[in-house]
Amino acid sequence: MILGLIFSILSVTYTVESSSSVHVTGEAPISSNAIYARSGTTGQKGQMTAGNSTTLQLTGWDGCVIDSVVLSMRSNKEQGAGSLTMSIGERLAWKISDSDFAHDNWYGSYTTDWVDITQHIGKRVAPQEVVKIHIKASKNSLYIQHYTIYYSLPDPKAYEVRLLSGLYETPAPMIEETIGAGVVLPAWGDTLEWRFLGWSEREVLEDTISPPVMQAGTRYYPIYDCWLWAVYSDSEGNIHSTNAVSGEYVFANAFWQIALKGGVDNEEIATTSISIEEDANGEYMLMTGAEKSMTYYIDFMEDNTATIQHIGSKTMIGYEGTHLASSDDVWQYRLLEDGSYCFYYNDKGQTRMLCLGYGKDGSNNQIVAYLNRANVDVMTGKGFLLFPVGEAERPQFTSWPFGKLNGVEDVPVPNVKSRDGEYMLYLGNAVLHIKNGQKTLIKMCR
2 MILGLIFSIL
12 SVTYTVESSS
22 SVHVTGEAPI
32 SSNAIYARSG
42 TTGQKGQMTA
52 GNSTTLQLTG
62 WDGCVIDSVV
72 LSMRSNKEQG
82 AGSLTMSIGE
92 RLAWKISDSD
102 FAHDNWYGSY
112 TTDWVDITQH
122 IGKRVAPQEV
132 VKIHIKASKN
142 SLYIQHYTIY
152 YSLPDPKAYE
162 VRLLSGLYET
172 PAPMIEETIG
182 AGVVLPAWGD
192 TLEWRFLGWS
202 EREVLEDTIS
212 PPVMQAGTRY
222 YPIYDCWLWA
232 VYSDSEGNIH
242 STNAVSGEYV
252 FANAFWQIAL
262 KGGVDNEEIA
272 TTSISIEEDA
282 NGEYMLMTGA
292 EKSMTYYIDF
302 MEDNTATIQH
312 IGSKTMIGYE
322 GTHLASSDDV
332 WQYRLLEDGS
342 YCFYYNDKGQ
352 TRMLCLGYGK
362 DGSNNQIVAY
372 LNRANVDVMT
382 GKGFLLFPVG
392 EAERPQFTSW
402 PFGKLNGVED
412 VPVPNVKSRD
422 GEYMLYLGNA
432 VLHIKNGQKT
442 LIKMCR
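Its first residue numbered 2, the sequence shown is counted upward by one per residue in my numbering.
It should be emphasised that the hints constitute simulated quantities derived from the structure, not laboratory data. Beta carbons: idealized from backbone N, C-alpha and C, even for Gly. Hints are not guaranteed to be accurate.
[As the list claims (entries may be wrong)] DSSO-like, lysine-lysine: derived pairs with alpha carbons at most 30 Å apart:
id : residue 1 : residue 2
1  : Lys96     : Lys158
2  : Lys349    : Lys383
3  : Lys137    : Lys124
4  : Lys96     : Lys78
5  : Lys293    : Lys405
6  : Lys349    : Lys133
7  : Lys46     : Lys133
8  : Lys293    : Lys361
9  : Lys133    : Lys96
10 : Lys293    : Lys315
[To be verified] Estimated spans, in silico, between C-beta atoms of each pair:
id : residue 1 : residue 2 : range
11 : Gly27     : Asn376    : 33 to 41 Å
12 : Asn244    : Ala127    : 45 to 53 Å
13 : Asp99     : Thr352    : 55 to 63 Å
14 : Thr60     : Ala375    : 30 to 38 Å
Construct all of the structure, not just a fragment, from the sequences and the given hints.
So this is what it looks like as structure tokens:
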């Protein structure tokens, strides 16, 4: 029993690399993501001077049980003070009130050596909850080197997936036939004004940006009993461009169903999930819209070269030797047979190309863009699709084509009064609880 418990505990370490990034080692939950930020603009990458703070934010930990957290920290030789809060969603999981590092709340003495600050947590992360560790210094200085989290994965079982169509009719719930088998997502219909795109883990009330969408026929692997929402668009989609005209574009890939997002970080460019469809004429359409973080300016030149800039960060996408860099280098480009592009350059007789995958060593948890050797002469397709970002009216996205209240089923009013005046009325994915005249709307747990 003890051995089973030991082997069920996993660990992941987030080591501070810069004032805005961490390096991940160990076994992070699949599809999880980490964002690190430091408010100070001077000092070392993990240093917190008086009034400044650091925050580690984790997403994608749904269903995991966080057993404990170990922080590698230090102070100055004779001073250093601050506070800590760790939250899981809206719940407080760990708190250290503002106190000196020499207080027992922290380490018990000042030290310039890296020491462990350890706390047992013992809490499960609910669906869509964000985990945050926020440390703020009140006296110079506190330092954070890395965060280690010990956790266990959700108990395996065959999970149930419920689908909300946003219309009067809705698909029947689906349960995995065996543990880990996943479920195949069904097709659904359009309305006169709204086109069905697919299913999402997030509800969309009304937005110009769609969340990641899984198309009908996709096998979805739930990690807990959950809900998926239909997503509709009032647009036919943004058609990819093949005319090599300078302007703002989304870099996307139909095979991976992703788009580039952000500038170069640690020799890679992050990606985000999108939805691309191909019509009967072979034209690719971006169905899920484009936010600023996905927008790049490409300056196409007459000699089949181009420069690339990320709009949001105002940084260039270039290269240095064998890896990506934030530099204004010139890329060569080629239009492939399927209307996609490849971007490449020559490095000491070798051709290196901007490509997609799990990183050079295959160790990434998510798809990223990076550089790799390639023979572009044999490439015919599956490169980068360029979707222009113009000033035209943005498409609208929603999970409720006729409005949220109009999309749910009719709710019968009970005609028998209970003795305590208590009723439960089911409204789509919520329950209206009425007791003694008091009304409470309860959102159903995912």
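Checked hints:
1. Straight-line distance between C-alpha atoms of Lys96 and Lys158 comes to about 34 Å, which puts the hinted pair past the 30 Å bound.
2. Distance hint between Lys349 and Lys383 is fulfilled; the C-alpha atoms sit about 26 Å from each other, no more than 30 Å.
3. Of the pairs offered as hints, the one joining Lys137 and Lys124 holds, with about 23 Å between alpha carbons and a cut-off of 30 Å not exceeded.
4. This hinted pair checks out: Lys96 and Lys78 have alpha carbons roughly 24 Å apart, not beyond 30 Å.
5. For the hint linking Lys293 to Lys405, the alpha-carbon distance of about 28 Å falls within 30 Å, and the restraint holds.
6. Of the supplied pair hints, the one linking Lys349 and Lys133 is violated, its CA atoms being roughly 45 Å apart against a limit of 30 Å.
7. Simply put, Lys46 and Lys133 have alpha-carbon atoms about 19 Å apart, close enough for the 30 Å limit, and the pair holds.
8. For a cut-off of 30 Å, the pair hint linking Lys293 to Lys361 stands: about 27 Å separates their Cα positions.
9. For the given pair, Lys133 sits about 12 Å from Lys96 by alpha-carbon distance, which is consistent with the 30 Å threshold.
10. Straight-line distance between C-alpha atoms of Lys293 and Lys315 comes to about 11 Å, which keeps the hinted pair within the 30 Å bound.
11. Checked against the given bound of 33 to 41 Å, the beta carbons of Gly27 and Asn376, roughly 36 Å apart, stay inside it.
12. Between Asn244 and Ala127 the beta carbon distance is about 48 Å. The supplied range of 45 to 53 Å therefore holds.
13. Here the CB-CB span from Asp99 to Thr352 is close to 56 Å, well matched to the stated 55 to 63 Å.
14. The supplied range of 30 to 38 Å is met by Thr60 and Ala375, whose beta-carbon atoms lie about 33 Å from each other.
In this structure, the earlier hints numbered 1, 6 are contradicted, and the remaining ones agree with it.
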